[in-house]
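Asks: If you want the building blocks of each chain, they are given just below.
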Amino acid sequence: EVQLQESGPGLVKPSQSLSLTCSVTGYSITSNYWGWIRKFPGNKMEWMGYISYSGSTSYNPSLKSRISITRDTSKNQFFLQLNSVTTEDTATYYCARYERHRGFDYWGQGVMVTVSS
Amino acid sequence: DVVLTQTPPTLSATIGQSVSISCRSSQSLLHSNGNTYLHWLLQRPGQSPQLLIYSVSRLESGVPNRFSGSGSGTDFTLKISGVEAEDLGVYYCVQGTHAPWTFGGGTKLELK
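Chains as they are written, first to last, in my numbering: chain A, 1 to 117; chain B, 1001 to 1112.
Among the hints, a few may not be true.
Here are the simulated SDA-like pairs of lysine to any residue, each with C-alpha atoms no more than 20 Å apart in a straight line [said to hold, decoys possible]:
(1) A/Lys44 with B/Leu1109
(2) A/Lys44 with B/Pro1009
(3) B/Lys1108 with A/Lys64
(4) B/Lys1108 with A/Thr57
(5) A/Lys44 with B/Pro1064
(6) A/Lys44 with B/His1098
(7) A/Lys44 with B/Ser1068
(8) A/Lys64 with A/Glu88
(9) A/Lys44 with B/Thr1014
(10) A/Lys64 with B/Val1002
(11) A/Lys13 with A/Arg66
(12) A/Lys44 with B/Arg1044
(13) A/Lys44 with B/Arg1024
(14) B/Lys1079 with B/Thr1005
(15) B/Lys1108 with A/Gly42
(16) B/Lys1108 with B/Ser1020
(17) B/Lys1108 with A/Lys13
(18) A/Lys44 with B/Arg1058
(19) A/Lys75 with A/Lys64
(20) A/Lys44 with B/Pro1008
(21) B/Lys1108 with A/Thr92
(22) B/Lys1108 with B/Ser1012
On the chain B side, residues computed to face chain A include the following (Cβ under 8 Å) [claimed, not checked]:
(23) Gly1034
(24) Asn1035
(25) Pro1045
(26) Ser1048
(27) Leu1051
(28) Tyr1054
(29) Pro1064
(30) Phe1067
(31) Tyr1092
(32) Gly1096
Read the hints as simulated data drawn from the structure, not as lab findings. Even for Gly, the Cβ is constructed at its ideal location relative to N, Cα and C.
Chain B extracted, bound-state conformation (with noise of 0.2 Å):
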């Protein structure tokens, strides 16, 4: 199966404070087909995850765009640039190219 190490673990920030969480993966998430299935989720504390990023980089409907994915065969990014109070919760990275679909372990995004 694919592992995929998302670090830090946690992550402090205060409000307004940029901050980046890295994803890793064990095999290159390019697709045979050319594209690259990994995604960025968020839980927030009481709710089901929902879909920030898809596809890399590409921005869900209704996120604001200070959200933001970059990343390219085992090394994405999923990057804040202004943290506000509605975005504390866990982030998840998952994949969609190999089967079995795999997730992140987590980052839980805390106020400093």
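So here's chain A without its partners, still in its complex pose (with noise of 0.2 Å):
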């Protein structure tokens, strides 16, 4: 079963950077898409980016030079960094699979990041 989960600091002080980390069993992350998507206070969505089975990168421009995204892939492990933070990058981050014809169809738990000073 493809299980991911997220990890990573609740707590990111304006300016700062945001590092995420996404861990995911029983699939390799050299195959599919690997994705983080972020939930805002309320019910707004936002697609952020994500890593190929290739290692390629796609970012949503809304974030601009902000986002990168990595991987390990001996550890089956991407990341996720987000520079520069404001408050309004508060929300939960998710990190999930996407599958071309399926889309998201295994997601992490999610991880509630506040950012405050």
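Grab the two chains, each in its own frame, and use the hints to assemble them into the complex.
Replies: Structure below.
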């Protein structure tokens, strides 16, 4: 069974970087696409970006140059780094597998990140 | 970016009632390869989202067949034929045809 689990700090100070890890079990990240999605207070969901089976990346232009997604295939993990955070980056962050025809079919449990001084 | 507009934002239903959720796209979601990448998710309270329907109308494994999806182009519908208590939560449509992938605003299903 495919399982994903996010980890990382729940509190980040404004202007600093947010760094999260997604650990995947039951499936290799060298197949399919692996993405980060966040849910803001309320219901709004935003796709942030993905890293593909080959290591290529795609990002939401709304995040401009602040985002980076990388991976460690030896540990079957992928990572999110979001720079220069503001209070508007306060959200629950999810990692998920994206399969071309099925969409986001496996999700982590999510990690709530608050940006506050 | 493609804007997905879900209606209604809130839906009150009784157990056993059939309900529908609409998802309208600002652009056609028909990909040049002939596929339509419009999917439906449910987020129950306190849980992460789960896939219900993919590629407009295909039922995800393990999802009850009271859920069904339909539509084409820019108009899509999720129908629940006989709401059960476990169906409560927030429903999202999401498109993967045009980058960046985008989500609808969500429809909260509540018990009346």
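Asks: Next, verify each hint and record whether it holds.
Replies: The hints, checked one at a time:
As the CA atoms of lysine 44 of chain A and leucine 1109 of chain B are separated by approximately 16 Å, the hinted pair is consistent with the 20 Å bound. Only pairs whose Cα atoms come within 20 Å are accepted, and lysine 44 of chain A paired with proline 1009 of chain B is accepted, the gap being roughly 12 Å. For a cut-off of 20 Å, the pair hint linking lysine 1108 of chain B to lysine 64 of chain A is broken: about 31 Å separates their Cα positions. Note on lysine 1108 of chain B and threonine 57 of chain A: the hinted pairing is violated, with a Cα-Cα distance of about 33 Å set against a maximum of 20 Å.
Between lysine 44 of chain A and proline 1064 of chain B the CA atoms are separated by roughly 26 Å; this puts the pair beyond 20 Å, and the hint is violated. In summary, the hint linking lysine 44 of chain A to histidine 1098 of chain B is supported, as the alpha carbons are separated by about 19 Å, within the 20 Å threshold. For the proposed pair lysine 44 of chain A and serine 1068 of chain B, the alpha carbon gap of about 24 Å is over 20 Å, so the pair is violated. Only pairs whose Cα atoms come within 20 Å are accepted, and lysine 64 of chain A paired with glutamate 88 of chain A is accepted, the gap being roughly 15 Å.
As the CA atoms of lysine 44 of chain A and threonine 1014 of chain B are separated by approximately 26 Å, the hinted pair breaks the 20 Å bound. A distance of roughly 18 Å separates the Cα atoms of lysine 64 of chain A and valine 1002 of chain B; the hinted pair therefore holds under the 20 Å criterion. The suggested pairing of lysine 13 of chain A with arginine 66 of chain A holds, with an alpha-carbon distance near 15 Å, which does not exceed 20 Å. At most 20 Å may separate the alpha-carbon atoms for a hinted pair to count; lysine 44 of chain A and arginine 1044 of chain B meet this at roughly 15 Å.
In summary, the hint linking lysine 44 of chain A to arginine 1024 of chain B is supported, as the alpha carbons are separated by about 16 Å, within the 20 Å threshold. About 16 Å separates the Cα atoms of lysine 1079 of chain B and threonine 1005 of chain B, which keeps this hinted pair within 20 Å; it holds. Of the pairs offered as hints, the one joining lysine 1108 of chain B and glycine 42 of chain A holds, with about 11 Å between alpha carbons and a cut-off of 20 Å not exceeded. Distance restraint check for lysine 1108 of chain B and serine 1020 of chain B: the Cα-Cα separation of roughly 12 Å lies within the 20 Å cut-off, and the hinted pair is therefore satisfied.
At roughly 32 Å between alpha-carbon atoms, lysine 1108 of chain B and lysine 13 of chain A are farther apart than 20 Å, so this suggested pair is violated. Under the criterion of a C-alpha separation no larger than 20 Å, the hint pairing lysine 44 of chain A with arginine 1058 of chain B is inconsistent with the structure, at around 25 Å. At roughly 28 Å between alpha-carbon atoms, lysine 75 of chain A and lysine 64 of chain A are farther apart than 20 Å, so this suggested pair is violated. Simply put, lysine 44 of chain A and proline 1008 of chain B have alpha-carbon atoms about 15 Å apart, close enough for the 20 Å limit, and the pair holds.
At roughly 18 Å between alpha-carbon atoms, lysine 1108 of chain B and threonine 92 of chain A fall within 20 Å of each other, so this suggested pair holds. Proposed proximity of lysine 1108 of chain B and serine 1012 of chain B is supported: the alpha carbons are some 8 Å apart, at most 20 Å. Checking glycine 1034 of chain B against chain A by beta carbon gives a least distance of about 12 Å; that is not within 8 Å, so the hint is violated. Of the supplied interface hints, the one on asparagine 1035 of chain B holds, with its beta-carbon coming within about 7 Å of a beta-carbon of chain A, less than 8 Å.
Interface restraint check: proline 1045 of chain B against chain A, minimum CB-CB distance 12 Å, threshold 8 Å, status violated. With a cut of 8 Å, the hint placing serine 1048 of chain B at the interface with chain A holds, because the nearest CB-to-CB distance is about 4 Å. With a least beta-carbon distance of about 5 Å to chain A, the hint placing leucine 1051 of chain B at the interface is held under the 8 Å criterion. Given the 8 Å rule on beta carbons, the hint for tyrosine 1054 of chain B holds: about 4 Å separates it from the nearest Cβ of chain A.
A cut of 8 Å between beta carbons decides the hint on proline 1064 of chain B: the least distance to chain A is about 17 Å, and the hint is violated. For phenylalanine 1067 of chain B, the suggested interface contact is broken, since its CB lies about 15 Å from the closest CB of chain A, more than 8 Å. For tyrosine 1092 of chain B, the interface hint holds, since its Cβ comes within 8 Å of a Cβ in chain A; the closest pair sits about 6 Å apart. Interface restraint check for glycine 1096 of chain B: the shortest CB-CB distance to chain A comes to about 6 Å, inside 8 Å, so the restraint holds.
Hint violations for this structure: numbers 3, 4, 5, 7, 9, 17, 18, 19, 23, 25, 29 and 30, all remaining hints satisfied.
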